[in-house]
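Asker: The sequence shown begins at 17 in the working numbering and counts up one residue at a time.
The set of hints was computed from the structure by calculation and includes no laboratory data. Any given hint could turn out to be false.
What the hints assert, rightly or not - Pair ranges (Cβ atoms, derived):
1) N93 <-> D117: 38 to 44 Å
2) T109 <-> I59: 18 to 24 Å
3) W102 <-> T192: 37 to 43 Å
4) K128 <-> T78: 34 to 40 Å
5) N194 <-> L61: 44 to 50 Å
6) K128 <-> L61: 41 to 47 Å
7) H215 <-> L60: 44 to 50 Å
8) G56 <-> Y218: 36 to 42 Å
9) D80 <-> T192: 28 to 34 Å
As the list claims (entries may be wrong) - Calculated cross-link-like contacts (lysine to any residue; reagent style SDA-like; alpha-carbon spacing at most 25 Å):
10) K94 <-> L65
11) K43 <-> P63
12) K207 <-> E118
13) K124 <-> H215
14) K185 <-> S81
15) K124 <-> N194
16) K185 <-> I77
17) K124 <-> T109
18) K42 <-> V160
19) K125 <-> C220
20) K43 <-> P112
21) K43 <-> L181
22) K124 <-> V30
23) K193 <-> H29
24) K43 <-> I59
25) K42 <-> P55
26) K42 <-> L210
27) K92 <-> T46
28) K42 <-> K207
29) K125 <-> K207
30) K42 <-> L82
31) K43 <-> P55
32) K193 <-> Q127
33) K193 <-> G130
34) K207 <-> L123
35) K124 <-> I191
36) K193 <-> N129
37) K43 <-> D154
38) K124 <-> A211
C-beta atoms are modelled at their ideal positions from N, C-alpha and C, and glycine is treated no differently.
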Amino acid sequence: MSLTKQKNQDKGHVVAIFDFDGTLTKKSTTLPFLRFVFPGQFILLMPFLFPALILFSCRLITIDSLNLFICWLFFKNKSRNVILSWGDLFAQTQIPHLLKDEAINALKKHQKNGHYCILATSAYDVYIKAWAEFYGFDAVVCTVFEVGNNNQFTGYLSGASCYGLEKAKKVQPWITKNTEIYAYGDSSGDKEILALADHPFYRCF
17 MSLTKQKNQD
27 KGHVVAIFDF
37 DGTLTKKSTT
47 LPFLRFVFPG
57 QFILLMPFLF
67 PALILFSCRL
77 ITIDSLNLFI
87 CWLFFKNKSR
97 NVILSWGDLF
107 AQTQIPHLLK
117 DEAINALKKH
127 QKNGHYCILA
137 TSAYDVYIKA
147 WAEFYGFDAV
157 VCTVFEVGNN
167 NQFTGYLSGA
177 SCYGLEKAKK
187 VQPWITKNTE
197 IYAYGDSSGD
207 KEILALADHP
217 FYRCF
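When you get a sec, could you build the whole thing from the sequences and use the hints?
Answerer: Below is the structure:
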């Protein structure tokens, strides 16, 4: 499911925007994903990663700085195809255990009503796109890792993290002044998409 294809689709009259980590899931999926793909490396690098997580939680570094550090630390020079395979496996076998039943039921209700459902998340493209496709989202915007000419990750992000104002910017292709918007979020990184909504839901699951 390519983003290019999605952006060529008609904008829905009713749009439902869902955050992922903490909204559809019980907790963030970033660390579980890193631990799943790099079990040995994760333990060895945790002394370097943990301070960065603390700095972000204290708002001393930005989400872009944190994601750039993670991308460089774990993914630089890794094969995109290999990581995508791991991402697909993580999406199929691990994420289902982390989902909130009530949140997934809300998603299914919107889908049943024919609403255009968008997943807007700071989670990484290497696993979240596979999960979003499996669960029938019409579009997904997320944090994307940059890929070099050799089909390996460069260690940099492709654009900004899908968080806060950037998240609201990325959903604009599907919104017009006549669009009725539902939005679901759980953190300060979702306040901009909640502000767009006619029906904002904060930590409702």
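Asker: Can you give the numbers of the hints that this structure goes against, from lowest to highest?
Answerer: none
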